[in-house]
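Participant: Modelling step: build the complete structure from the supplied sequences, incorporating the hints.
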Amino acid sequence: MATTACFIIVSRNEIPIYEAEVGSAVKREDAAQLHQFILHAALDIVQDLAWTTSAMFLKAIDRFNDLVVSVYVTAGHTRFMLLHDSRNDDGIKSFFQEVHELYIKILLNPLYLPGSRITSSHFDTKVRALARKYL
Amino acid sequence: MGREVSESCVDSLLTEIVSTYNNRFYANKPELAARRIEAIGYQVGHQLSERYTMERPRFSDHLEAIKFICKDFWSELFKKQIDNLKTNHRGTFVLQDNRFRWLSRISTDPSVENTESQDPSAAAESKASLATMHVYFPCGIIRGALSNLGIPCAVSADISNLPACKELLLSYSVLSFYDI
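Listed in order, the protein sequences are those of chains A and B. Heads up: the first sequence runs through residues 1 to 135, numbered per our numbering. Heads up: the second sequence runs through residues 1001 to 1180, numbered per our numbering.
Because the hints were derived from the structure by calculation, they are not lab data. Glycine included, C-beta positions come from ideal geometry on N, C-alpha and C. Careful, some of the hints might be misleading.
[Said to hold, decoys possible] Estimated spans, in silico, between C-beta atoms of each pair:
{"no.": "1", "chain 1": "B", "residue 1": "Q1081", "chain 2": "A", "residue 2": "S54", "range": "18 to 24 Å"}
{"no.": "2", "chain 1": "A", "residue 1": "F37", "chain 2": "B", "residue 2": "L1013", "range": "31 to 37 Å"}
{"no.": "3", "chain 1": "A", "residue 1": "Q36", "chain 2": "B", "residue 2": "L1013", "range": "38 to 44 Å"}
{"no.": "4", "chain 1": "B", "residue 1": "R1035", "chain 2": "A", "residue 2": "A20", "range": "33 to 39 Å"}
[Stated by the list, open to error] Pulled a few chain B residues facing chain A out of the computed Cβ check, cut under 7 Å:
{"no.": "5", "residue": "H1046"}
{"no.": "6", "residue": "Q1047"}
{"no.": "7", "residue": "R1051"}
{"no.": "8", "residue": "T1053"}
{"no.": "9", "residue": "E1055"}
{"no.": "10", "residue": "P1057"}
{"no.": "11", "residue": "R1058"}
{"no.": "12", "residue": "H1062"}
{"no.": "13", "residue": "T1132"}
Facilitator: What follows is the structure in structure tokens.
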């Protein structure tokens, strides 16, 4: 179980549509901003890397101190980014795949406008449960 | 996520969408009705493209995305492959389907028109306009799917010989700032 982990979903228009701190460590006030900062800074790298491969799961693409950024890109260029300190690649890949399924379920909701923020608390609960299970 | 719906239900739903939008919501404003139907199709195409690309690797360029639309996406949606694909290599593609399932139930027999006061050409025109209403939704679906995969485009359909249907995709010239 990772002690620090921050997960965000960024849509194709560079707008974050979901954010969650899913680590098990105590939350410090400045840590949240720092995590978001690192993830947003990694977006440029994702942009370049996404065109070089046709895989969905791009492994660790950036590091900051001992935190690593892993990214999963869907065909519609929605990026799932995870900031973590563990090295568990398989667990992270399964986590991303399950969140992808959850994301598609949200997308299939006709009342959800694609590209808008995900406000469903059900989705939030499930993502946190998946994080506890896989990270 | 693999539940199925009967095809006749989908057909009835689509017929009802066209009829309601034309006769109730936007009576006498067929252009507005057409745009609304196309917008619904756009969102559906967006959702479906995300869903059908889940299992497969991503696309490395625009041509692959178009091939996906022509093969896998088309057969998932319309249960058959397209019959012909033409391109002018400058951003326009023509997809031809000789027996488009969603239009296959529209009657092509001109003698079933009931008003005698209409001369044959007017009857043919009103039938054509009714049929064109039915293609806005599939056009919207394809436009939504392509836009989600990163290719903004315009889709129009030519249904001069029912049940064949030709869809014309005009994609804006592939300059790099349209990349995601």
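Participant: It remains to establish, for every hint, whether it holds in the given structure.
Facilitator: Hint by hint, here is what the structure shows:
1. Q1081/B - S54/A: 18 to 24 Å: Once the Cβ atoms are compared, 23 Å apart, the range 18 to 24 Å for S54/A and Q1081/B holds.
2. F37/A - L1013/B: 31 to 37 Å: Violated - the Cβ-Cβ distance for F37/A and L1013/B, about 47 Å, lies outside 31 to 37 Å.
3. Q36/A - L1013/B: 38 to 44 Å: holds, 43 Å
4. R1035/B - A20/A: 33 to 39 Å: Given range 33 to 39 Å: holds, Cβ gap about 38 Å.
5. H1046: holds, 5 Å
6. Q1047: holds, 5 Å
7. R1051: Holds, because the Cβ-Cβ distance from R1051/B to chain A comes to roughly 5 Å (cut-off 7 Å).
8. T1053: Interface hint status for T1053/B: holds (3 Å vs cutoff 7 Å).
9. E1055: violated, 10 Å
10. P1057: holds, 4 Å
11. R1058: holds, 5 Å
12. H1062: Check failed: Cβ of H1062/B comes no nearer than 12 Å to chain A, outside 7 Å.
13. T1132: Violated, about 25 Å.
Of the numbered hints given earlier, the model fails hints 2, 9, 12, 13; all others are met.
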